[in-house]
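Peer 1: Chain by chain, the residues:
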Amino acid sequence: MRPFDYRTPANAVTAVQAVTEHPAAAFLGGGTNLLDHLKLGITHPDLLVDVTSVTADTIEDFQGGLLIGAAARNSDIAADYRVRTRYPALAEALLSGASGQLRNMATAAGNPLQRTRCPYFQDPTTPCNKRRPGSGCAAIGGFTRGHAILGASTHCVATHPSDMAVALTALDATVHVLSAQGERTIPFAELHRLPGADPTRDTVLDHGDLITLIELPYSPIARQSRYYKVRDRASFAFALVSVAAALTVTDGVISDARLAFGGIAHKPWRANRAEQILIGEPATDATYRLAAEHELADARTLDGLDGGNAFKVPLLIRTVVSVLRRLAEEPR
Amino acid sequence: MGLSGFRAEVGFRVDGEPHTLAVDTRSTVLDVLRDTLGNTSPKKGCDRGQCGACTVLLDGRRVLSCLVLAVTAGGKDILTAKGLAANGRLHPVQQAFLDNDALQCGYCTPGQVCSAVGALDEFADGKPSHAGDVTAEPELTRAEIAERISGNLCRCGAYTAIISAIEQAADA
Ligand SMILES: Cc1cc2nc3c(=O)[nH]c(=O)nc-3n(C[C@H](O)[C@H](O)[C@H](O)COP(=O)(O)OP(=O)(O)OC[C@H]3O[C@@H](n4cnc5c(N)ncnc54)[C@H](O)[C@@H]3O)c2cc1C
Ligand code: SF4
Ligand code: FES
Ligand code: FES
Chain A
1 MRPFDYRTPA
11 NAVTAVQAVT
21 EHPAAAFLGG
31 GTNLLDHLKL
41 GITHPDLLVD
51 VTSVTADTIE
61 DFQGGLLIGA
71 AARNSDIAAD
81 YRVRTRYPAL
91 AEALLSGASG
101 QLRNMATAAG
111 NPLQRTRCPY
121 FQDPTTPCNK
131 RRPGSGCAAI
141 GGFTRGHAIL
151 GASTHCVATH
161 PSDMAVALTA
171 LDATVHVLSA
181 QGERTIPFAE
191 LHRLPGADPT
201 RDTVLDHGDL
211 ITLIELPYSP
221 IARQSRYYKV
231 RDRASFAFAL
241 VSVAAALTVT
251 DGVISDARLA
261 FGGIAHKPWR
271 ANRAEQILIG
281 EPATDATYRL
291 AAEHELADAR
301 TLDGLDGGNA
311 FKVPLLIRTV
321 VSVLRRLAEE
331 PR
Chain B
1 MGLSGFRAEV
11 GFRVDGEPHT
21 LAVDTRSTVL
31 DVLRDTLGNT
41 SPKKGCDRGQ
51 CGACTVLLDG
61 RRVLSCLVLA
71 VTAGGKDILT
81 AKGLAANGRL
91 HPVQQAFLDN
101 DALQCGYCTP
111 GQVCSAVGAL
121 DEFADGKPSH
131 AGDVTAEPEL
141 TRAEIAERIS
151 GNLCRCGAYT
161 AIISAIEQAA
171 DA
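Top line first, the protein sequences correspond to chains A and B. Going letter by letter, the first sequence gives residues 1 to 332 in UniProt numbering. Going letter by letter, the second sequence gives residues 1 to 172 in UniProt numbering.
FYI, nobody ran anything at the bench for these hints, they're computed from the structure. Glycine included, each C-beta is placed from N, C-alpha and C at the ideal position. Please note: incorrect hints may appear among the correct ones.
To be verified - Across the chosen pairs, the derived CB separations fall in these ranges:
(1) A:Arg-117 - B:Asp-99: 34 to 42 Å
(2) B:Thr-141 - A:Gly-307: 31 to 39 Å
(3) B:Gly-16 - A:Tyr-218: 43 to 51 Å
(4) A:Thr-250 - B:Glu-137: 53 to 61 Å
(5) B:Glu-137 - A:Asp-123: 39 to 47 Å
(6) A:Pro-220 - B:Gly-88: 36 to 44 Å
(7) B:Thr-36 - A:Pro-220: 36 to 44 Å
(8) B:Ala-172 - A:Gly-196: 52 to 60 Å
Next up, chain B with everything else stripped away, as it sits in the complex (with noise of 0.2 Å):
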């Protein structure tokens, strides 16, 4: 194999939507997403795990795309920021997050949201997390939702904005 790399071909669904790709085995889920289907949704801010920005829900659960192999993603589905919005009406938390001012530049937001999209799911299962107590039903604190949500960063430090969207959501 020279340096264009092995292409393998797989098939997901990006915010509804079948997509079939011959893809370098290389690439990330966050680099076909971009680079590949223009859905700019999903930033790259480290492109190693460390910020965030890159969160989308994969078959429902958040996960970093910049860590996963777009190869490793055959039959499942992705979904964006962008595909959070159904029928041009914005998801409860999308609209928390504007009702907030839970951001500045904006560069994060997209992989807040989806973390916060996921991180209510888990809530919601009754996923403990390291804020409270692993042998008790945890309570959506702020302090909760500040743990839950420390693997995303924001440069412009909304922390406190998006921790009140993320509780408004949760009481929608």
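Here chain A stands alone, though its shape is the one from the complex (with noise of 0.2 Å):
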């Protein structure tokens, strides 16, 4: 590991601005995620900016929804009564999360800023445009169960690991972000991007871009929500595909919806077009496959070494039908 300073900054102001005039700093939260890529030699900052105490770690009431603190610990988001009764779907996937010590560790900015999993990104001997630009990309025609189905690219097909942001998407969470010109709001779902020509950029921040706050907005039909995550082992594994669902069903019929996707995708994919499939159909079964099926009809899947991803169509639809059934039977 290379040599690093180590920084408390007084507050968010000279956080930032610490970060921002050093072209090799980095914001540390948790660590969970960054002194894995420190060891594994696939970041090489040389100064860590601990912002942990210079922003919040509480989740206050705001206008009916609420604002957790970027520095807040997954665990104690997931286990606060009012996030697990408005929210229930960012509790279910903020505890289908890692294990018990690392949700302890990992704060509200850090886990949604998480960097993918794929394997070649994690191994510095390979080829990786998202960790070398213009090396070229080892998942393609090498192992692909864990890649994306949706939106990639052919220089990257890595899938964003994190679950809570999964949720986030589907709930219409906004960031708060400082940066040295001042503050601004992101629509969460508009955080994440797609690799295209350039995967070493997983979001839309800039360096030097401090998150302080997330705001979760007032939401009916939040609490009717939930995460559903299908892995290869009942616990402490990445999802291979998960859905966060939100519906509201009056009289039989879909009146709204709210639908987000993981494991699939560079990004947490709010899948808008089969919301709009929902709204105003009959809560079946047969709505909820073919919701699915078009938001999947762009679907691309990956030969691989280890027999490709071509599972996860049937697999996301499956689920989809599954926790929509859930959510309309047995309302919360």
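Make one complex out of these two single chains by using the hints.
Peer 2: In structure tokens:
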């Protein structure tokens, strides 16, 4: 590991200043992803700016919604009674991720900013356009079981690994960002980007942009939300596919819906097309299936040494049907 | 800075005893505990968050010491499995591991024990897990225990007995 300096800034403004002025600096949250990457030798900051005490670690009521401090730990967010009852899909997504110890460490801002688990990205001896631009993509033609079926490019087929981010995408969250230019907000669904020709960038954030808060809006439909995650073992594993969903059914007809997918794209995937199909239709398996199929109409699956990832299409469709059926039949 | 890296002074308590040390900013709490302080109770199974063998209690919460930089632990209380046994008396979770034969080689055990202590505290605080309904009060079933300690791998496969030990400790 390369040597790095470590600073605890006095406040958020000085934290932003320290990183902005320093091209090889990085913010440090819980460190559960960054420290792993330092050890793997896939990132080489020479300065870590600890932001766990300069952003809030609390959850505050705000205009009928909630403001989650960037330094709030994943376990504390999941345990918050307001989150559990008003945004249950978020609590479920958080609790389905990592382990009890990791959730005690991981922060609200660090979780959505964690990087892909693509095995080649994590291995500095292989070509990877995300890690080393222009070096190629070892995943294409390699092991692709964990890789994307929507929105990938010829440069990168990685998926975003966060469960929390899928729930935040479905639940219309907003991130508050502080930069040297001042404050701004970004709809959570627009935070992450598709790889295109530049897979080095996971999000639209620039160097020195500090996430300070995650805002959950007032949302009656969010009370009727769930998160389903399908993985290779029952616990402590990343998603193969996942679905965050919220549904309102009135007299057997879907009056409103929120749907986002995980494990299948470079970003948490808001299923806008599927939502449009659901609304106004009868709450039946046939409707759910049709909506999921529509969202996946452009899916491109990958061959791979491990059998590839074509299984994700039927698996995701079935997961969508299953979670929507549960929401319709067993309102919370 | 040369290869020796940046150093910083940090003070924390380990198993109740205060220490002030000059550490390389790259050192983890795990490395400082084992290599500098000679406390080999936490184990290095993977060094990247995947096995739980390095679990300690940091200000009472279970964390993975392999992913905590020592410089970030200033002013904190670190409790290892070694420190759980006070005045020669085993902690109820430790005693329950013995009573239930909840180990074979023992390598994962200090991490399992710290994780179990943290998990039981989380349960007592009403914190939910993925095994139950997040909108309801959790119940400590065997499935619930298994989910809560899923971050601790046991290569010997002592899981069934580990869950029994945690059930016993919870009832104690
Ligand atoms: C074994 C293992 C299993 C896991 N399983 C899962 C899983 O199943 N599901 C899942 O979702 N996750 C899983 N994780 C990932 C875990 O959730 C993330 O590592 C964690 O959420 C990252 O949060 P952190 O605070 O530790 O981030 P850090 O590691 O501190 O930071 C991550 C990134 O965010 C940046 N950053 C941190 N804070 C800010 C801020 N305020 N503003 C701007 N940038 C910031 C850092 O510079 C860094 O680039 C797993 C991790 C491990 C090690
Ligand atoms: S899929 Fe993306 S992250 Fe993985 S090797 Fe290819 S370029 Fe790198
Ligand atoms: S050594 Fe820390 S989790 Fe494996
Ligand atoms: S007892 Fe041997 S690894 Fe758990």
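Peer 1: Mind listing which of the numbered hints don't hold for this structure, in increasing order?
Peer 2: 4, 6 and 7
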